[in-house]
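Read top to bottom, the protein sequences are chains A and L. For the record, in the first sequence the residue sitting at position 183 is 183 according to the UniProt record's numbering, with numbers rising by one throughout. For the record, in the second sequence the residue sitting at position 170 is 170 according to the UniProt record's numbering, with numbers rising by one throughout.
Treat each hint with caution, since some may be false.
The list cannot tell twin chains apart, which means a pair is met if one copy fits it or any two copies do.
[To be verified] Listed below are the simulated DSSO-like cross-link pairs for lysine-lysine, each with C-alpha atoms no more than 30 Å apart in a straight line:
1. Lys168 / Lys111
2. Lys328 / Lys12
3. Lys111 / Lys291
4. Lys152 / Lys326
5. Lys22 / Lys96
6. Lys337 / Lys31
7. Lys70 / Lys96
8. Lys12 / Lys111
9. Lys291 / Lys12
10. Lys70 / Lys111
11. Lys83 / Lys168
12. Lys83 / Lys19
13. Lys37 / Lys70
Hints are computed from structural coordinates only; laboratory data are not their basis.
Listed here are the chains, written in short residue letters.
Number of protein chains: 2
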Amino acid sequence: MPFIAVHAGAGKFNEEDVKELKSVCRLACDKAMVKLKDGCDVSEAITVAISALENSPLTNCGTGSCLTYKGTAECDASIINGKGDFASVGAVSGVKNPIVLAHQLLLNQSKGLMSLGRIPPMCLCGDGAHQWAIENGVPVCNPDDLITEEAKEVYLDHIERLRREDAKEGSEQCAAKRRKVNDSQSKLDTVGAVCIDANGLIGAGVSSGGISLKHTGRIGQAGVYRCGCWAKRHSDSSQIASSASGVGEYLIKTQLAKEITTSLVGQSVTIQNAFHQTFLDNVILAGCNTKEAGVLVLHVSPSGSIELSWVHSTDDMLIAYNSNDKSKSFMSQLEEKAVPGIRTTAGWLSF
Amino acid sequence: MPFIAVHAGAGKFNEEDVKELKSVCRLACDKAMVKLKDGCDVSEAITVAISALENSPLTNCGTGSCLTYKGTAECDASIINGKGDFASVGAVSGVKNPIVLAHQLLLNQSKGLMSLGRIPPMCLCGDGAHQWAIENGVPVCNPDDLITEEAKEVYLDHIERLRREDAKEGSEQCAAKRRKVNDSQSKLDTVGAVCIDANGLIGAGVSSGGISLKHTGRIGQAGVYRCGCWAKRHSDSSQIASSASGVGEYLIKTQLAKEITTSLVGQSVTIQNAFHQTFLDNVILAGCNTKEAGVLVLHVSPSGSIELSWVHSTDDMLIAYNSNDKSKSFMSQLEEKAVPGIRTTAGWLSF
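Turn these sequences into a full structure, and let the hints steer you where they fit.
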């Protein structure tokens, strides 16, 4: 029964990083599977897996996050289980593993009301989230410890290009010629995990360093309920969980993680069609460009059979999984010359 | 066609404040209606109305907000229109009118992509939100300027009770005896507005100082998409908007503002039944106490006829409206001896 899968984000990967990233993703699954076999619960396994991804300088979360316009690292993360327990952190600095902070918030909620009947917080952001980490024994660090040399280099390059572009724009007002900041030099988006534990409870999580040069304080889908991750145990005892990656503001508007599962459950719709309905063709995104996203979905039937499926409108999506055996990893790619944000590719594995 | 309605929160009001609060709510509607008659758009009218509520020391938003555990004022606010434009701020300090900041974020999005193809932020929190306000001409203030003498008194009383309770709990572990902090001495929750402008576009907004003694950085429903406010223009050209007030964490989990409108549109369901389905009887809140909330809904038919309806499980909900005439205000109340969080009351007006 225990099963874990992770993704390193939906985007466009640098070829030279892929081998190591695959290895990082398999390691994340290995670590989580050890925990799952020990009987740990789904949220702990997700936290272990995503922590491993956060600790890799190659992923855009935790250590190695994209930098803000001010040159700081600010992270979003969230976690959910099929019982409906959820916690998130947004724009938090100086916390080594943002997913650990989200997990601790989740655990704290399970203790019930605080003194004077206060309801434990579900979403914490910024300095207050950092302060809560200190008070609750979640490891904190110097905010600069999350900044890698490579992230700094990319930041300086982006800032320089921004200055050139802004100067040009001041004289030419040529907004139409704007180039995207998230090109090949940029980090990919939100990483995440979907999981079912030995007790048969499903869950999901996400973690993100956000977009390069974002304004400080900006929260993307990884910090917002229903948008970055989703999990639900249905009344027929089937369960579904998802973890979404992509352009944060669009994933919030479409509540992609939740809505794609609603389209899939109990309906004879492919994940590709569900992705088109809920995201690419969603009227709420009419007029938006760069509709780049990807979703990893775990579906467990009442009998316990497991299906892992994925879909993305980005060039690449890197996935690894462990079904109580050896971890495997693979890259899903759009067909050659297909336009990201318009075309999609999808796949599935059954266990 | 232009119509504006506001609420001063769903909760339990101090009798001595009610007269002035009603006057504040009518003034908010008056100000917005002047703007609406001048042809201003729905989001501007909402901002004018909610700013008037924020400026009153009697409401739990802007000036007079409940204080955090650290004694600071941190505000959430969001705004949405029927076209799907949305912006929110969370846990922001030192901004005189948080709704003005949310509105400015909304306007900023309409300018399209920023240089280098960056997507304008939709959700900003904490210091980053304050910084964005400064950079974009949104009036800021000394963080202490939002703290009223009364809020400070309530804070000191709550802190003292918390210390006593925590000491007692340390010795007796009597969690069952915990008293609620949001008793008669506490401020009520999120205020908000629903509106349709002269051009026939609907919208909604909310603003909140959050719960007394909340952890710094905590974001409640007023800062989260779909949870505090919602507005949508449907394909049959009917439009619906809502503004929700109550226990933030529960309103986020149920996405109350959005979900109650989904239950109402195209279905022969009363607002009271819709509230039970989406909130009180929602399985996601199984085991939760204090299910206190209220929602104000504006429904405009394809022919332009307007229905304003409301429902709450709190003792009171204070509402005012202006249908292009003189502003009117009223208090909706649970029947005597009905238990808040379990029983509801509802009503509607047609125009």
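Now the hints, each set against the structure:
Only between protomers do Lys168 and Lys111 lie at most 30 Å apart by alpha-carbon distance; the minimum there is 18 Å, versus 56 Å within a single protomer. Taking the shortest Cα distances, Lys328 and Lys12 sit within 30 Å of each other inside one copy (20 Å), while across copies they are farther apart (57 Å). In this assembly of identical chains, the alpha carbons of Lys111 and Lys291 lie at most 30 Å apart only when taken from different copies (18 Å versus 40 Å within one copy). Proximity of Lys152 to Lys326 under the C-alpha cut-off of 30 Å is found in neither arrangement, the shortest distances being 36 Å within a copy and 59 Å between copies.
When the C-alpha separation of Lys22 and Lys96 is checked against a cutoff of 30 Å, the pair qualifies only within one copy, where the shortest distance is 22 Å, while the shortest distance between copies is 49 Å. When the C-alpha separation of Lys337 and Lys31 is checked against a cutoff of 30 Å, the pair qualifies neither within a copy, at 37 Å, nor between copies, at 55 Å. For the homomeric pair Lys70 and Lys96, the shortest alpha-carbon distances inside one copy (19 Å) and between copies (24 Å) are both at most 30 Å. When the C-alpha separation of Lys12 and Lys111 is checked against a cutoff of 30 Å, the pair qualifies only between copies, where the shortest distance is 27 Å, while the shortest distance within a copy is 42 Å.
Only within a single protomer do Lys291 and Lys12 lie at most 30 Å apart by alpha-carbon distance; the minimum there is 14 Å, versus 45 Å between protomers. Only between protomers do Lys70 and Lys111 lie at most 30 Å apart by alpha-carbon distance; the minimum there is 22 Å, versus 38 Å within a single protomer. Neither within a single protomer nor between protomers do Lys83 and Lys168 lie at most 30 Å apart by alpha-carbon distance, with minima of 53 Å and 33 Å respectively. Taking the shortest alpha-carbon separations for Lys83 and Lys19, neither the intra-copy value of 36 Å nor the inter-copy value of 44 Å comes in at or below 30 Å.
Within a single copy, Lys37 and Lys70 get their C-alpha atoms no closer than 43 Å, and across copies no closer than 42 Å, so neither meets the 30 Å cut-off.
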